[in-house]
Structure formats: structure tokens, C-alpha cells
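Based on the hints, put chains B, C and D in the right spot on chain A.
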Amino acid sequence: MVTTPQAVVRSLLPLAVAVGVAVGLELLLGLLGFYAQKILFDIGVNIILAVSLNMVNGFTGQFSIGHAGFMALGAYGSIVVTYYGGYALFGDVMMHSTVTGYALYFVSILVGGVVAAGAGLLVGLPSLRLRGDYLAIVTLGFGEIIRVVLQVSQPVLEPSEMAAVPWYEQPWHLGRSLGFVHSGSYNTLGWTWTAVAVTLLVAYRLRESTHGRAFLSIRENEIAAESIGVNTTRYKVNAFVLAAFFAGVAGSLFGHQLGAGTASRPEEFNFMKSFEVIIMVVLGGMGSISGAAVAAVALTLLTEALRSFQDYRMISYSLLLVIVMILRPQGLFGTHEIWHLLARFRRKGTR
Amino acid sequence: MSSFLQFLLKGIAVGSLYALLALGYTMVYGILQFINFAHSDVFMLGAFFSWRLSVLFKINEPSPVAATGVLLGAMALCSLTGFLLERFAYRPLRRAPRLNVLITAIGVSLFIENAGQLVFGKNVVQFPPLLAEHTFEVGGVRVRSVEVIAVVTAFALMVGLHTLVYRTRMGKAMRAVSIDHNIAGLMGIPVDRIISLTFVIGSALAAAAGLLVGITYGQIKQPADSSWVLYGLKAFVAAVIGGIGNVPGAMLGGLLLGLSEQFVAGYLPSELRDAIAFLLLIIILLVRPNGLLGRRVVEKV
Amino acid sequence: MAALLDVKGVSLSFGGLKAVADFSLSLAEGSLTGLIGPNGAGKTTLFNLLTGVYQPDVGEILLGGQRLNGKRPYQIAAAGAARTFQNIRLFGDLTVLDNVRVACHLRATRGMWAAVLRTAGYRNEEAAIALRAMRLLELFGLAAAAGKQAKSLPYGQQRRLEIARALATEPRLLLLDEPAAGMNPQEKGKLRELIARVRDEFKVTILLIEHDMSLVMQVCERIAVVDHGVKIAEGTPGEIQKDAKVIAAYLGTAESGAAAE
Amino acid sequence: MSLLEVRGLDAHYGAIHALQRVDLTVEKGEIVTLIGSNGAGKSSTLRVLSGLLRPTAGTVTFDGRSLIGLAPHAIVRLGIAHAPEGRGIFGTLTVKENLELGAYSRSDRAGIRADISRMMVRFPILGERAGQSAGTLSGGEQQMLAVGRALMARPKLLLLDEPSLGLAPQIVQTIFAIIREINQEGVTILLVEQNAHMALRVAHRGYVLETGEIKMTDDARVLAASDEVRKAYLGIG
Numbered sequence: 001m002v003t004t005p006q007a008v009v010r011s012l013l014p015l016a017v018a019v020g021v022a023v024g025l026e027l028l029l030g031l032l033g034f035y036a037q038k039i040l041f042d043i044g045v046n047i048i049l050a051v052s053l054n055m056v057n058g059f060t061g062q063f064s065i066g067h068a069g070f071m072a073l074g075a076y077g078s079i080v081v082t083y084y085g086g087y088a089l090f091g092d093v094m095m096h097s098t099v100t101g102y103a104l105y106f107v108s109i110l111v112g113g114v115v116a117a118g119a120g121l122l123v124g125l126p127s128l129r130l131r132g133d134y135l136a137i138v139t140l141g142f143g144e145i146i147r148v149v150l151q152v153s154q155p156v157l158e159p160s161e162m163a164a165v166p167w168y169e170q171p172w173h174l175g176r177s178l179g180f181v182h183s184g185s186y187n188t189l190g191w192t193w194t195a196v197a198v199t200l201l202v203a204y205r206l207r208e209s210t211h212g213r214a215f216l217s218i219r220e221n222e223i224a225a226e227s228i229g230v231n232t233t234r235y236k237v238n239a240f241v242l243a244a245f246f247a248g249v250a251g252s253l254f255g256h257q258l259g260a261g262t263a264s265r266p267e268e269f270n271f272m273k274s275f276e277v278i279i280m281v282v283l284g285g286m287g288s289i290s291g292a293a294v295a296a297v298a299l300t301l302l303t304e305a306l307r308s309f310q311d312y313r314m315i316s317y318s319l320l321l322v323i324v325m326i327l328r329p330q331g332l333f334g335t336h337e338i339w340h341l342l343a344r345f346r347r348k349g350t351r
Numbered sequence: 001m002s003s004f005l006q007f008l009l010k011g012i013a014v015g016s017l018y019a020l021l022a023l024g025y026t027m028v029y030g031i032l033q034f035i036n037f038a039h040s041d042v043f044m045l046g047a048f049f050s051w052r053l054s055v056l057f058k059i060n061e062p063s064p065v066a067a068t069g070v071l072l073g074a075m076a077l078c079s080l081t082g083f084l085l086e087r088f089a090y091r092p093l094r095r096a097p098r099l100n101v102l103i104t105a106i107g108v109s110l111f112i113e114n115a116g117q118l119v120f121g122k123n124v125v126q127f128p129p130l131l132a133e134h135t136f137e138v139g140g141v142r143v144r145s146v147e148v149i150a151v152v153t154a155f156a157l158m159v160g161l162h163t164l165v166y167r168t169r170m171g172k173a174m175r176a177v178s179i180d181h182n183i184a185g186l187m188g189i190p191v192d193r194i195i196s197l198t199f200v201i202g203s204a205l206a207a208a209a210g211l212l213v214g215i216t217y218g219q220i221k222q223p224a225d226s227s228w229v230l231y232g233l234k235a236f237v238a239a240v241i242g243g244i245g246n247v248p249g250a251m252l253g254g255l256l257l258g259l260s261e262q263f264v265a266g267y268l269p270s271e272l273r274d275a276i277a278f279l280l281l282i283i284i285l286l287v288r289p290n291g292l293l294g295r296r297v298v299e300k301v
Numbered sequence: 001m002a003a004l005l006d007v008k009g010v011s012l013s014f015g016g017l018k019a020v021a022d023f024s025l026s027l028a029e030g031s032l033t034g035l036i037g038p039n040g041a042g043k044t045t046l047f048n049l050l051t052g053v054y055q056p057d058v059g060e061i062l063l064g065g066q067r068l069n070g071k072r073p074y075q076i077a078a079a080g081a082a083r084t085f086q087n088i089r090l091f092g093d094l095t096v097l098d099n100v101r102v103a104c105h106l107r108a109t110r111g112m113w114a115a116v117l118r119t120a121g122y123r124n125e126e127a128a129i130a131l132r133a134m135r136l137l138e139l140f141g142l143a144a145a146a147g148k149q150a151k152s153l154p155y156g157q158q159r160r161l162e163i164a165r166a167l168a169t170e171p172r173l174l175l176l177d178e179p180a181a182g183m184n185p186q187e188k189g190k191l192r193e194l195i196a197r198v199r200d201e202f203k204v205t206i207l208l209i210e211h212d213m214s215l216v217m218q219v220c221e222r223i224a225v226v227d228h229g230v231k232i233a234e235g236t237p238g239e240i241q242k243d244a245k246v247i248a249a250y251l252g253t254a255e256s257g258a259a260a261e
Numbered sequence: 001m002s003l004l005e006v007r008g009l010d011a012h013y014g015a016i017h018a019l020q021r022v023d024l025t026v027e028k029g030e031i032v033t034l035i036g037s038n039g040a041g042k043s044s045t046l047r048v049l050s051g052l053l054r055p056t057a058g059t060v061t062f063d064g065r066s067l068i069g070l071a072p073h074a075i076v077r078l079g080i081a082h083a084p085e086g087r088g089i090f091g092t093l094t095v096k097e098n099l100e101l102g103a104y105s106r107s108d109r110a111g112i113r114a115d116i117s118r119m120m121v122r123f124p125i126l127g128e129r130a131g132q133s134a135g136t137l138s139g140g141e142q143q144m145l146a147v148g149r150a151l152m153a154r155p156k157l158l159l160l161d162e163p164s165l166g167l168a169p170q171i172v173q174t175i176f177a178i179i180r181e182i183n184q185e186g187v188t189i190l191l192v193e194q195n196a197h198m199a200l201r202v203a204h205r206g207y208v209l210e211t212g213e214i215k216m217t218d219d220a221r222v223l224a225a226s227d228e229v230r231k232a233y234l235g236i237g
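Chains as they are written, first to last, in the numbering used here: chain A, 1 to 351; chain B, 1 to 301; chain C, 1 to 261; chain D, 1 to 237.
This is chain A alone, in the form it adopts within the complex (with noise of 0.2 Å):
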């Protein structure tokens, strides 16, 4: 594909539609009810992490399944920044409604971002030296680990006993197993569907560059792809980072969420969450965004629709999943994108 003006429009095209269904949420926030509202959130944070996670392994072809890790170090990067972080500036833990309080939240999610970013840096290493299932078994590992971890940090400070507690000491008061449940609700939809954006385009840009082609060119032979120039293992680990970065990112808005209060429980970020992302990444179509993003979206307006079925709920979402591997072993959309099928569509529609 050649670049031309019209592909640079059509790049941007997801970011500023986007960008309107954010601002536009925003101003209908009021109408909607806590419900829609949290619907809509729960997708947000979901296609952030379908379309992370397809960067490690729809585009490079890795295994990584303990997404849900990097997601638990970006909540609990992020919420440390607003709660302690946010004492230092203010002298207290509530939540600021201002402008420094907003701007607050952002470094905090970029912090979170960053922490797991860190983190994705720690797992890509191995994958320089481990292949398939071996890999899978140590990011899998890798989030356990992470989520056992937050188990024996110790309980929240209160704003009371801070001053008792030397400021590098209190990251690890993160609430063991109760979770941190003091994090302020600063997270909104225009917020979440506004790094929806940014994740989707990246991605997409980042993919259909020669970056792109190297990340794909692992996939589909990584012996050949290293023939041709292209540093694997440099390029797993950036994948790693990437996916580990944006996953943080959506843990960061998770983590403040309307009604956080019971959010981040480590129990909340343990393998069946890691599956659950995996689910959308597969379905969707390893390598594709817009499957990744698509899946994301049915599957959580589906957990919502089949809430009074919970029993049924996870028997069929897996007995469709092995009937997809089986029957459509490449995904719903393949490594294609809605459009392209769409395109390929209408021509045979016209012919």
C-alpha cells in the first residue's frame, strides 16, 4: 500500500470517529444511567486489552496468556499515584475534581502504563530464549506471580498513619487481599474512549508500517524473518512492551472506575481474566484490530445480556471457542480486517 493523502485520512479516521463517540459520551453522560455508562466503560477498557494483547501474539505470534497481570500493575501503579501521590499534593486522599486533580489522574495513567510496560520488558526476556507453550506457561506464571504478590502487600495507609510511613515505603501499602479500595472514581468515558483512540491507532499505524511487517514477519517465519535483517528478539520484547503498556493503561482506568471500590481486588486480575482476553484476541482473528476490538465489544455486551444466565454463560462461550478453533481455526475475521472483507463483499456482491 502506498501511502498516499487518502490513506493518512483513513488512518486517522478511527481516532477522530472515536474521539466524537468519547467527547459525545461525555456530554451525554448525564442521561445516561449507571448501567449504560458502566457497559460502555467495561467495553472501552476491554478493546484496550483485546487489541494490546493481539500485538504480542496476533501480530508476532507469541503466546502470552497473563495479560491480566500487566492490567492489575497498571491499576495499582495508577491508583498509587492518585492516592499517595495525590496526599503529597493535596494532604488528603479524596478525589480532586480539578483541573491539577484530572491532571493528576493522566501521569497516573501513563505511571501505570509505564509500570507495566516495565513488567512487559521483564516477560519479553525470557521469550528471547523460550518458544510456544513454554512462553505461555511463564506470562501465565508471570501474572500469578504478580497477583500473589499484591496478596502480601500490606493495607491501605490511612491519611492518618502517612506520616508514619517514609514515602518510598508506601507503594507497597496496597491492601493485600481486600484490594485497594480507596482509589478515587476519576475515570470517565471521555477519558476511556479517548486512549480506546489512541490504542487502536497505534496499533493500527504501527502495524501497517515497516515495524509493522517485521512484528508480522515473526509470525509467519521466524527464521526467514531473521535472514532478512529483522532482529527478533528485539522486536518480541518491543512487542511485549507495547502489549504490556497499553494493557497497564487500561488497568489504570479500571482501577478508577465509578464504584472502584471493590475493583481492584488481586482476585480480580487472575488467569480467567487473562482467558477472557484471550476469548476476544481469538474470535476476533489473530493479527486483526478490528476483529480484536469487535470481539471485545460482543463478548461484553454478551456477559451483560446472559448476566441472569451465569451458569450457561461460560459453557457456551466455550464451547463456542473450541467450535471456532476447529471450525474457523483463523478467527472470525482472520488476519483481515472488517473492511477488507467488507470490500471483498461488495465485489462479489457486484459481480
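Do not take every clue at face value.
[Claimed, not checked] Anything over 12 Å on all C-beta distances counts as not near chain A; from chain C, calculated:
no., residue
1, 45
2, 157
3, 187
4, 239
5, 242
[Said to hold, decoys possible] Below, in silico cross-link-like pairs of lysine-lysine (DSS-like), each with a Cα-Cα straight-line distance of 30 Å or less:
no., chain 1, residue 1, chain 2, residue 2
6, C, 188, D, 231
7, C, 242, D, 215
8, C, 188, D, 156
9, B, 122, A, 38
10, D, 215, D, 96
11, D, 231, C, 231
12, C, 188, C, 231
13, C, 242, C, 188
14, C, 231, C, 242
No lab work stands behind these hints, which were simulated from the structure alone. Don't be surprised by glycine CBs; every beta carbon is placed ideally from N, CA and C.
Quick look at chains B, C and D alone, frame taken from chain A:
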């Protein structure tokens, strides 16, 4: 000193159960090169089948004969489960990319858990007292009779498997299939049947592990409880530590893992116990990527 | 002419088996050399040594004076050696065009940030890459298939695409591993012309493993013969055809070799 | 009726057309060779015959029975043994275990034991190394083991894929002498060789394959004398 001995004994008890379970993972991995995620669910089913069989036959009192019967029944049912699993979920994917197989395995695992939840309910189940409970004091260390029986049973089964794999015609065929499916077929070995057999045997061992866990802990958690999957994952880790595809390796890895967990839980915060398996895994894989007893495989270009 | 590739006394063993033994070879800049020998003689192993897939136990490999020992395959590609594979290794799910474009990556300079921000410099570079990739496809008669998945191409085209992909890395040394395998006589004829043309137009030095003797004899200026990992002869095609050791290696005995002359 | 009859065989690897309308027959007691360059489809033909590769069209009849759709192990039972390219030795198993596996389709224990002893007489090196893991054997020894192992199935038809691959000339001579010997004992042989000269010397008839098609077939001596074959496959010039 006595606490050291206590951890040692407990470690062997837990470790032999890990080893029993690890054998199933290592056999399937050796032959099909994938993690049978659903193995932990067959293990879970082993516990629940044992419970149901005990209820069905109204076994309320300890009886070695009844316990053996329940064991055999659970093994048969789990073997059937393993057979069906391979036949209908994995065999259609024999030539599919490995990620697909892995994900199918995860899907099957979720399916069994949630279906099990419907069938067996969502409550913790009190396990029937199939064996008499005695506690001995040996040199200041408490030893439970059921633990001794669990260890002995586990070792007996492992020795049996070892004999099967290394001493019989069938075992020779299994080893041949694990080296190369195509060449094994050219020898006249019915490859698909051998693969089925591998699942059947691995599942029978998992059933035994399930029963022994039930007896040891006296109660079992609901089918979808994440502790089952975690138990299974740790057993897989044990198989990897020992060297995947290697029967003695799985036993060594299982014991090693059981011991490390007990010592970590004994001397450090006990919550860290669940992390130690993965920490051990990462270290071993970085130092010896093919496990303690594994062989190096040269990649062909 | 200076030597572009200098292989000095290289050996490699697998377990107890000596795959390559004390092998030396020197290729002049711009030369076209054939590497022949019976199946299993160690030719592909030698390619794997030259491209960093394997590391030699002893010996030294120099490309344009630069030592390749200890370098990873991607570094060797960057140093200017590109290859094709005996058992074709294309990026099957990617398009034909992308297979070539991905190899242009090696000489691309813009980073990931530029790609995400779509800077002007990045866009120019992408356009240049696309142009160069299309030119290569045209040269190899694959332009019409640019949008197809690589795995959907017939055998002969897959082999040609592999060569195009290797050339996209702008190599100084091109290693071709049995490019004619599975081709029919017409395709082989075209391939012969293509190899000669590639050498002249791209100014690359070519080392060619091939079993088709008529192809090797016609296209190569020099030929090295390997048997059991040892170089048993080197010379012009005429010299090689008369070499008793070569005939023995190929035909089992010298007496039967005479019959085949 | 011929022992083996192949008609209009087609086979694919993905988009690649590996075999195109291949016809060939093998009579009882013959040595027939398939020659051709790398990638011509020689190994693919054998892979179809032993059930490793599913053909997309055509018929294969062995001893009056169709082989299409049969699994490799069922084909072995019918009397076809395949010593594959690259030998396919089970390197971590012992030499003796390899031989025993060759007889997996048989159930006559005494006969198997007797055959193992016979193999160890025919290939003394296998007797010497019986308890060693097969991976420690040299290339030539592994080839002996591959042939011996295939014979353990007591086949009517033996498929040999590149038995000379990577072997020194003297050992190649030995292997070909053994091939002739086995044939004289009544085993029909279909031989795939890159070393066309040796193959045509030992075979009764030959087929020349090119890009998956049969280009020529004739008496081995005629083929060896043909200009076209001499030019393309008999080496040099």
C-alpha cells in the same frame, strides 16, 4: 529440626500428588507437544467422581476394599473423559497451528469446569471417609496415615507407569510415537490409538490424584474454583522442571515442587506458596531450558 | 579483484558427526560460483554457517573484511549477506508485495514513533519502499501477483519470490539454495537468465547450491564441490567435469564415471 | 496383475502441486527405481504409497487392494514397508528396540526373535551395537538399521528413499549390494535415488520424474544409455 522434618514429610506427600498429575501433562506433551489444559479438570472430575461413587454406593465407613473400588471406578470414568476429550476436541486439530490447540485446550478446560459446576453444584463438598484416619508421632513429627497411603499409592502407580513405558511393547510404541508420528506409523504402529491410550492412562492417573486429594484434605472445592486449575498448572510446571516428555523427570519435578512449596510456606509468608512454582519455573527454564532431565533438541533449518 | 567472502578453515560437528570439515572458500567480488555435491554433503549446513544459523567450531568467516563469527543471522543480513532456503520459507499469510516490503525493513531508518505519528520523512520512506518492492516484483515477473497471499503461489513463483525478497535487503552476497528445485525445464531456463541478470544489475556476488548440472555448468564461472563436508575440488566448470574425485563422489566409482562422460 | 498399480495420482502441499497424473506399476520380484532431481516428486510418491500423504486424485492398488484412505499402519500390515528419506531412526531408542519396532505389525514372537538374529548376522554392526541408542550410530550404520528395520515387517514391497544419502562411496556400494541381495530373496523394491547411476545399475526398470510428472519410463539399461537421462541425471556434461 522437627519442623524441618515436618515440612519434608508434608512436601513429599504433596509432591507425590503433583508428580502423579505431572505424568499426565508430560505424557501428552511428549506425544503431541501441547499443554493439555483440561488435564486439571480431569483431575477435578476424579475427585468428584470419587465422591459421587461413594455416595452412590453408600460408603459411610472407612474400608480399603470400598476405597479401591471407588478408585478404580473414578479411574475408569476419567479415562473415558480423557478419551472423548482427545477424540472430539484435539484430534480434529492434529495438524492445526499450536496456538489453536492451546486455545482449544483452554476452551475445553473452561467447559468442563462450568459444566461440572452445573452437575456437581457450587458448594464445598465433604469427602467421605474412605480410609481410616490415624495420626502417628515419629520423632516429634506428626504423620497422617492417609498421607502415607497417598504417597504409597502414588508411587505404586508411578512405578507401574514407568514399567509400562520402558518395559512393554506398548510403551515402546508410545516412545516411538513421541519421537515421530510419521515414522511410528511406518512401523505399523496405530498412531491415533496410541495417542488415545496416552490420554486414557494420563486421565486414570489424574483420577487417582483427585481421589487422593479428596482423602487427604477431607473436602473438595467447587469444580470451577480456580484452585483446581492452579493445582494443574503447578503440576505442569513440575513436568517442565523435570524435563517435559520424561517420566522420571515428572516425578522428580513433582517432588521438588512439593518440597519447595512446603519449605517456602513454612519459613516465609504462606501466601507466597502459590508463586514459588512459577518462580522456580522461570529460573529453571532460563538456566536449563529443557528441564533437569530433559535433552537438548536441535532445530532443523 | 578483492575477495568479498573469505571462508577460512571452517569446521562444524553435530554430536560425533562432522558436517563440515576444514572448509575454505574465497569468492571474488561480483563472481558467480556454484556449490555442488551429493545430497547430504553439507552444502546447506555451509549456508547456515555463512548466515549465522550455526556457529563454526573452528575457523573464520569474513565478508568484505568483516568477521561474521559470533554474529546473529539478522546482523549478517545487515552486513550484506542474504539467502534463500532449500525448503521455501516465505511469509505465507502476507501478500507477495509485503514479503518483499518486509525485507526492505533492513535498510529503513525511521523508528516506531515516526511510524505512529506518520511523519513526512516516514511517509517518504514508506513510499520509496513500496516503489522499490514493486520494481523487484516486476523484474521477477511477480507484479501481477502482488496482492495475493504468498502461500497461494505455485512452486516456481514461490522460489522466485524468495530471491526477490533476499534482494530487497540490498545484499552484497546472495546465497541461493537450490533455486531450481521443482522447476520444469522452461522455468529453469528463465531462472538461468534471471540469475545472470541479477548479478549484473544488482552487482551482487552469488553463491549457488544446485543439483541441476546443466544449470550450474552454464551459469557459474567457478564451481566448488563438497562431499562429506570436505571441499574435494574447485575450478571452472570444464575443470570440474574432468575431475576424477568429483566423478567418484557423484557416481560411486571412477569406472562408471567414464561411462557417463 | 501387477503387485503395485498407480493410476493418475495427484498430490498437493498447500498450493504446490507435488504430483501430477503419475502412473506407475511394479511387478512382483522387481527392483523399480524413481529418478529425478530434487523436488521432482520422488519422495512424495513414496509418501503417498505408505499413507503419509493423502493424494488429491488417482488410484493405488496393491496386491489387488486399494490403498487410498488407509492409515500408514494399515498399509504396513498389507505388506509395504517404507525406509524413509533421512532414515528416520528412533535415536533415543536402542538399536534392538528399533528393530523390534520394525516388526510391530507382527505378532509371532518367535519369528520376530529369529528375524532379529538374522538381521544381526546380515548387518554385523547392528549386532555389535544392539544395546546402544541408535542415535550414536554413524550415517552408514543408521542406513543399515533403517533397511533392517523395514525388513523386520517382512514386507512384500520395500520402499527405499535415498539410501545413499550422505554416505561414503564404499558404503554406498555395500548398501546397493544389500539391496540386490534382498531382492534376490524375494522382496520387491521401489527405490528412490538421487544417485541415478547406481540406481539404474541395480534396478530392472526405471521411471524419470520431473516437476511431479513421469517423463520417461523404460528398462533400466535403456534409461542409463539414453542421452537425455545421461545429460540430466547421470552427472556431468
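Let me make sure I understand: some of the numbered hints might not hold for this structure. Which ones are they, in numerical order? 8, 10
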